[in-house]
Amino acid sequence: MKKILIVDDEPNIVMSLEYIFTKENFEVFIARDGAEALGIIENKMPDIVLLDIMMPNVDGYQVLKFLKESPKLNDIKVIFLSAKNKISDIELGLQLGADKYISKPFSTKKLVSEVKELLK
Amino acid sequence: MSSFLVISIIIVYLSVIFYVAYWAEKNSKSVWVNNPYVYTLSLAVYCTAWTYYGSVGLAATSGLKFLTIYLGPVIIIPVWIVLMKKIIRISKGNKISSIADFISLRYGNDRFLGALVTIICVLAIVPYISLQLKAISETFNVITNHTINGNSIISDTTFYIAILLAIFAAFFGTQNTDASERHKGIITAIALESVIKLVFFLVIGVYVTFYLFKGPSDIYDKASVLPNFEIQQTIDGLEGGFNWFFLSMLSMFAIMLLPRQFQVTVVENQREKYLKTVIWLFPLYLLLFNIFVIFIAWGGNIIFQNQGVDADLFTLMLPLKNNHEFLALLVFLGGFSAAISMVVISSLALSTMLSNNLIIPYGFLRKYSKGESEQNSGSIKKIRRVAIFTLIIVAYLFYKNFTLDRTLVSIGLISFVIIAQLAPSFFGGLFWRRGSSKGAKYGIIIGFLVTVYTLVIPFTIDSQSISSSFVNEGMFGFNFLKPYELFGLQIFEPVPHAFFWSLLFNFMVYVLVSVNKIGSYRERNFAEMFVDSEKYASMHEDAYVWKGEAYVSNIRNVLTRFLGEQRTQRALNLFYMKYNIDHKIKIADARLVNFSEKLLTGSIGSASARILISSVVKEEEISLMEVLNILDETQKAKESNKELQERDKQKDEFLDTVAHELKTPITSIRALSEILLEDDTIEYETKKRFLTSILSESKRVSRLINNILDIEKLATGKEKLDLNNNLVKDTIKKSIDAVSQLAIHKKIHITLNKVDEVEFIYDEDRIQQVLINLLSNAVKFSDFEKGIVSVNTNINQHRMEISVEDNGKGIAQDELVSIFNKFYQAKNQTILKPVGSGLGLAISKQIIESHKGKIWAENIKPQGARITFTIPLNTN
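Listed in order, the protein sequences are those of chains A and B. Heads up, the first sequence is in the working numbering, so the first residue is 1 and it goes up one at a time. Heads up, the second sequence is in the working numbering, so the first residue is 1001 and it goes up one at a time.
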């Protein structure tokens, strides 16, 4: 069973994503901010992280940077899920090494297929 | 040492200098050419042969007085930097190429003033150049053991050196027709020479102090027993103090006003930030140069006691006397490089002034207005080259035909005093709008005449051994007209004396004439631009007021005659682009007139540029008031334009944030709806939970939209306040009731301190909105169970003050103001996600401001935050 970590501080978004990926047979972990996410990543080693950018304390960019700088963790796939959708934001996200950048609001079907695609 | 050897060495040395200049011109982009160190070192052209030999001479005969010449510049350096920044900015903006151009432009492109400044500079500097040639010649004779036989020019090495220097200056100084362009070759060579002269001087200083003697204290011990030592080394009471003061001031002016200093500091400046290096390096350079002066002087006094050796030549004689010919050669070369640097830069600066401010405006303009561009620029270069040669040759003849056997310092200082006559109009022009061209002209002329009377004439009489009672008895035997003791003033030595009187007269005439005669509108226009340079720099061509009729084609014709077809086209294209003007436009405006004048200024000087341009345009007279009004309006238009841009940017940011804030709830709504739509197996409980969430997120969206609309309505004043008499206590109670659910949930008690049953005028719904906002924030930021929120009031007839405080963790000091900004929390995106919409406090502020009141936040002790608002008594 693949492991997925959902990082977002909006409870309703988390709730919907949790439902969807549980249904798709993922083992789902949840973090409400960057700091919590980093703890879960190190302990549970998820295969993929769905990462919001604007979060309290440690933001999405910082989480990604941390992943990419750690040799142990830099294979973990990362998808940014963000309402920031200026071209400059997207470029920054991809430059930092995110595998995908999906703008909010997103289509759940498309999100699921992108995740599966990445984990192939 | 044989003449042949020394001449060969001179030739090799000059070849190196020529090569360096040539290399720098060819590699003008190299970092070796473009750096603050080359710039600073080129400023050391201030240290001439006079420094090399004269300082020592002065130190040997009059003690520490030589220091004033270097102390002045060092003291003034901080002020100098500030002034130079301003001067460089103005000069670069107007393509000014000399101090004559600077002064002439400041006083409304005044042709006569430019010419006057040029003449003053030539009169001051030519003898000074002579002095450098004399130094070369004398030291050459000393080192080659040459006795001067006859007065033949043909057999005089100095003559050939002078010619070589003229070739050097003419070749590297006139590569460009535009004299405001930089001369990288010459400057790099000068910087190298500054290094050479300093290093060689240090070598000889160390040699005298540590080789000939056993260190400074040894020299001091031996020198202090010489007669007159005591008197030489002290500043003699109040009188001596005054003399010191005025000599230092004189050199402060010199460092800013000498044409060669203006050339290296202003015209050759590439970047303003280079001044930052000057501020430490230049004083350091002067300090190093002066460390050993006094020791060499004392050493000379000790060794050559009563031998009648010219103190000016101590630096050279000390190694020669001890048979260290190689060291003597180094001294000679150091002094040589100091001399030629000065000659080259001075003749370059003067030739630009002569051509652009005297010869062209008074002689060649008509010819140029008909000639072709290549002819014109060839002719302009030719004028400058001829000027360089003439200057150097005249200086040479001056040295040959006058007995210049007074100490080097005297002539240098006379030069300084004459140049100082530019000070009132130069500095006055920078800071005083009323300073007028008439004032400047009369001031300079009077000051110069006083200098001639109190210094030049008596000095000439003394030095040429003319017998006259003029010096001792005064003109026509009037005692109070004695040139060295004018009006009975006896405390000064001749130079400070002349400096004092000439500048006093100069300054008074400048001020009195300026106050009594109002200058023309053009003068005033430039006065504004110079004095308020910060303000007008950003306005560029808009800072120039002009009214009249002008055609682009006519102006283009004039430009083409000097710049050629291509450069004119390129310059005009740039201009059109800068102001977004259609290429096909036929009528020229003030901006184009000013732009074209500037373009020409570098080549032919500001006065000529103005004359040429006005010959093809029809200008109308404008009143002074009109000029000032127009300038003011343009300035305001610029500012409001800036404000508009800033507002646009804020609006963009605001929209961005709004979009982001709306997308977040919509994301939830969309995701949850998709699940509900597509998943038929979903359990009842989950379905209900999802639908509740969709509902609350929808509410969030509409709340946000309402808030945004509110804030826009309030900000634009579209919504009128519903002002009525209300019971304050009621309003507060209603607000507390509205947040009571929230408070009960967190087990927080809200207390209302005693409030009188008074009424006050306000829009109740809106004030309630503010209070609810403040209360719910206070509850939100208070701790569970421990939180205490209280409301306080302070109301009188004129004003109502209400505050809400909590005992939470308070507000960060630097956020006390910004929390009232729209989406403030959202702006600090990486740290904090908005708890609410991020608009609550912004709306509150807007509401209070519509009531003409104020709202602010503060932290309270021991812990917590307080937000207070006040409303004045508003009536319908």
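Check the hints yourself; a few may be wrong.
[To be verified] Every beta carbon over 12 Å from chain B, so not counted as near; a handful from chain A, in silico:
hint, residue
1, K2
2, D8
3, D9
4, K23
5, E27
6, F29
7, I30
8, D47
9, L81
10, K84
[Said to hold, decoys possible] Computed spacing ranges between beta-carbons, pair by pair:
hint, chain 1, residue 1, chain 2, residue 2, range
11, A, N74, B, A1812, 31 to 37 Å
12, A, S70, B, N1035, 40 to 46 Å
13, B, D1730, A, I87, 49 to 55 Å
14, A, D75, B, I1682, 57 to 63 Å
15, A, E18, B, A1738, 44 to 50 Å
16, B, L1202, A, S70, 55 to 61 Å
17, B, R1089, A, Q95, 38 to 44 Å
18, B, E1643, A, A35, 39 to 45 Å
19, B, Q1741, A, D75, 45 to 51 Å
[What the hints assert, rightly or not] To spell it out: a stretch of chain A is covered by chain B in this simulated footprint if at least three of its residues, at any positions, have a beta carbon under 8 Å from a beta carbon of chain B; those stretches are:
hint, stretch
20, 11–20
21, 64–78
Calculated directly from the structure, the hints in this document are not laboratory data. Since the model is a prediction, treat every value here as computed from it, not as a measurement. Here a beta-carbon is modelled for each residue, glycine too, at the ideal position from N, C-alpha and C.
The hints, checked one at a time:
no., hint, in the structure
1, K2, "holds, 20 Å"
2, D8, "violated, 9 Å"
3, D9, "violated, 5 Å"
4, K23, "violated, 7 Å"
5, E27, "holds, 19 Å"
6, F29, "holds, 18 Å"
7, I30, "holds, 15 Å"
8, D47, "holds, 21 Å"
9, L81, "violated, 8 Å"
10, K84, "violated, 6 Å"
11, A:N74 - B:A1812: 31 to 37 Å, "holds, 35 Å"
12, A:S70 - B:N1035: 40 to 46 Å, "holds, 44 Å"
13, B:D1730 - A:I87: 49 to 55 Å, "holds, 53 Å"
14, A:D75 - B:I1682: 57 to 63 Å, "violated, 35 Å"
15, A:E18 - B:A1738: 44 to 50 Å, "violated, 34 Å"
16, B:L1202 - A:S70: 55 to 61 Å, "holds, 58 Å"
17, B:R1089 - A:Q95: 38 to 44 Å, "holds, 40 Å"
18, B:E1643 - A:A35: 39 to 45 Å, "holds, 42 Å"
19, B:Q1741 - A:D75: 45 to 51 Å, "holds, 49 Å"
20, 11–20, "holds (count 7)"
21, 64–78, "violated (count 0)"
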